[in-house]
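Peer 1: Each chain, written out:
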Amino acid sequence: MTFDEKYFDIGRLDRLSYGETFVHRLDPRAKVIGTMLFLLTVVSFSKYEIAALAPFFLYPMLLVTVGEIPVRFIIKKMIVVSPFAIFIGIFNPILDTRTAAVILGVSVSTGWVSFLSILLKFTLTISVALLLIATTSFSGVCHALRRLGFPALFVSQLLFLYRYLFVLMEETMRIIRARDMRSFGKRGTGLRVFVRLIGILFLRTVDRAERIYYAMLSRGFAGDMPALKRSRMVLRDLAYLSVMIACLWVFRFFPITEGIGRRVQELLR
Amino acid sequence: MHMADALLSPAVGTTLWAGSVAAGGYASMKLKERIDDRTIPLMGVLGAFIFAVQMVNFTIPGTGSSGHLGGGMILAILLGSHAAFLVMASVLTVQALFFADGGLLALGCNIWNLGVTPCYLVYPFIYKSMVGGSKNPGRILVVSIVSVVAALQLGAFSVVMETLLSGKSELPFSAFVLMMQPIHLAIGIVEGFVTAGVINYVRSARPEILESMAASRPIGREVSLKKVLATFALLAVITGGVLSWFASTHPDGLEWSIEKVTGKGELPQHENGVAAVFKGFQEKTAFLPDYGFKPAENELKKEKEAPPPWPGIEAGTSVAGIIGAAIVLGMIVLIGMGIRVVGRRQI
Amino acid sequence: MSHHIVEFKDVFFRYPDGTQALGGINFRITHGESVGVVGANGAGKSTLLQHMNGYLMPASGTVTIGDLRLTKRTRQEIRRKVGIVFQNPDDQLFMPTVFDDVAFGPLNLGMDEASVRERVNKALCMVNSLALRDKPPHHLSCGQKSAVAIAAVMAMEPDILAMDEPAANLDPKSRRSLITLLKTFKHSKIIASHDLDLILDVCGRCIVIGDGVVVADGPSSEILSDRALLEENSLELPLSLQRR
Ligand SMILES: Nc1ncnc2c1ncn2[C@@H]1O[C@H](COP(=O)(O)OP(=O)(O)O)[C@@H](O)[C@H]1O
Ligand SMILES: [Mg+2]
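If you read the sequences in order, they're chains X, S and Z. Just so we're aligned: the first sequence equals residues 1 to 269 in this note's numbering. Just so we're aligned: the second sequence equals residues 270 to 616 in this note's numbering. Just so we're aligned: the third sequence equals residues 617 to 860 in this note's numbering.
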């Protein structure tokens, strides 16, 4: 991915997070907790589990549809980050070749089963993480973290980072464009120029931090970043969390998929 | 290299989350004691700086491939351990959210590998002790390369350990290490060059910046190596303790990988051991033995002539599983489409 | 009630690298006055404004705001009286949403939640930007950003408003609405700018500085029509006067 693509991607994800749907309106804390529980439940399945993971796709599907998030965009972003999980997972079918089952005459090795399991888990965990930020404004997530007990200093770092992310990405983009305009082909994209670019950008960043500090001082800053309590957990949020936990419980401990499959098998017979 | 959710077990994931949260709490506490007010916006904007710079690719000399900056060491040199760690943690958090680099569960691991390692391990013990107060560009270059290489090697090794302890991958320890470490050696050398280049450039262009940064950092003069060391030992003991507690209650991951590390049990041999462990694990987790679907499963098992080698994935079950999965996924897609249609009508 | 005067007496300032930016500045601004500070690039306008708030402290000479002399001790109090709007609104809107940003000052004053909300709404109304309340700054246009930056300063209810190049990045329409807005404020104003038409429109009095000293001080209509004086200081007649 080029710099520009990444930049526009962040911008797009950020804009999605300011939507006005039911999911967007849920309390960020509830969503953060719900997401973490979801992730823990998904990765808690053994490495040979496939079928039991199917019901979990309900959650990303609901987020995408109720939150009105473009599916293709999320899938594209997932593909970009997939290499590491695939790279590590692909060794399973190579190294673990015992037969797990013979389906329609084709023998499937346990390695393929565990690889598929990794892929499913990857899809679930990454999509849910992306959908969290696509349906919750970043500052919402930060306030949630603050109220879940994360240190104030860390949360204010996150807020500053987010605020100046776009400003600095634009500045970086301008510098890169200036570089690319004057570096014909490969020359000029080397390490030396890169170091110089970072150096200049760094100096500008420090100067900017100083100006920001002045602006903060002029508005009474004395070391603490004040914040208003904004949202409170209402019935809707508690309901969301309860349903979430109930579903996770059921999906984790009852083999629904297999049960349905077996009933259908019996019916067919 | 970012650790990924899909390769993690809950035990390893939560342990490293706990470790990273503890490190974050420690850093905030330390910083709060005597932070210069102006460091607060500086840290935040530098986080955005690192984030933006990481998005820029540069050509790695001689190879034609491209790399990008990690940033942990630059931050540590400029801001000191505590502030640099908090900035790194926030950069990784934003990456986990906006790029899904690794994922949210693996965020704990990534903060540990790419934040704690360079800021609390390599910076105080390698960079600081070797550079001292020297301003010699050559010395800074050499030490930067050594430090960044060390940080990346440690980070890559942590990824290996976290993956193996989680037990989702079949890769044997030795092969995994051989794959990860050399790649990170190359990346480390380049990043070392970049780190030293930036530090030296800033020192020559605006020396006062480095001085004022060094003056405003809370650690600084009175950094006591002993204290840092003691904290580290404590963290390591706690992490080790938690890990081994998890390992003893959930032997699934650890035992299996240790077998691989020691080279005992070639694949066919340790099949039994793993199978047994696996079964035990399943029995432990299935604490609702009488749920609705169980009888059917038992009946099916009885019909089988030979006991299946792998509980849970024998043929009968897997066919049912595939049919069921198709139906469940079909239903989910239908629900999704239904919601979309209803949503459009309302507009 | 104190008179909101601003007084610079023999103010000298030297940057750490040795640049002498102010070389004995003298002027006095009384309550309710609107003053433009003009001069070439590097004349010392920004440096001067930064003294009004104690970001920079005079090497010698005195700065007096109201009845307080600027010292390290009085600096906090003076910052409440003087609101400075800097050139780049991005540096000034440092919070994640417009609301949070405008609320930053009032919250630091220790106000309770209800009054903070009231202040924020009032300040945003003043600059016609109430609708932007929940937006993040990076979704705003340049003109919107500068309006919100002004609101953020106005929410502190300062006695004196100081602005550094307020119209530098604005398109003609945003610049026009800024001028209209500035004319509605009854505060004492000090505006540093190259935009002489804006100064002519908004400020009754004009101070020209060159190389860190006051070169001329008088009614805008007189100073800004003095072609020789302006050209000596790398400035030009305002467009509105050129046509005559
Ligand atoms: N941070 C700084 N360090 C050193 N010199 C500076 C700094 N800022 C400004 N100067 C110098 O001080 C002089 C006045 O600058 P400034 O007040 O910014 O002028 P203006 O705002 O009128 O363009 C200029 O010569 C400038 O180069
Ligand atoms: Mg200026």
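Bear in mind the hints are in silico, worked out from the structure with no lab data behind them. Please note that the accuracy of each hint is not assured.
Here are some of the chain S residues that sit facing chain X, going by a computed Cβ distance under 10 Å [said to hold, decoys possible]:
id: 1; residue: Asp-306
id: 2; residue: Ala-369
id: 3; residue: Gly-402
id: 4; residue: Ile-456
With a straight-line Cα cutoff of 27 Å, these simulated DSSO-like cross-link-like pairs (lysine-lysine) come out [said to hold, decoys possible]:
id: 5; chain 1: Z; residue 1: Lys-802; chain 2: Z; residue 2: Lys-789
id: 6; chain 1: Z; residue 1: Lys-789; chain 2: X; residue 2: Lys-6
id: 7; chain 1: X; residue 1: Lys-6; chain 2: X; residue 2: Lys-76
id: 8; chain 1: Z; residue 1: Lys-688; chain 2: S; residue 2: Lys-301
id: 9; chain 1: Z; residue 1: Lys-799; chain 2: Z; residue 2: Lys-738
id: 10; chain 1: Z; residue 1: Lys-738; chain 2: Z; residue 2: Lys-751
Since the model is a prediction, treat every value here as computed from it, not as a measurement. Even glycine gets a Cβ: it sits at the ideal position worked out from N, Cα and C.
Peer 1: All hints are to be evaluated individually against the structure, with a verdict given for each.
Peer 2: To see whether the hints hold, each was checked on the structure:
1. Asp-306: S:Asp-306 check passes; min Cβ-Cβ to chain X is 5 Å, inside 10 Å.
2. Ala-369: holds (5 Å)
3. Gly-402: This interface hint is violated because 21 Å lies over the 10 Å limit.
4. Ile-456: Result: violated, 13 Å to nearest chain X Cβ.
5. Z:Lys-802 / Z:Lys-789: Distance ~23 Å between Z:Lys-802 and Z:Lys-789 Cα, so the pair holds.
6. Z:Lys-789 / X:Lys-6: violated (33 Å)
7. X:Lys-6 / X:Lys-76: holds (12 Å)
8. Z:Lys-688 / S:Lys-301: holds (23 Å)
9. Z:Lys-799 / Z:Lys-738: holds (18 Å)
10. Z:Lys-738 / Z:Lys-751: holds (17 Å)
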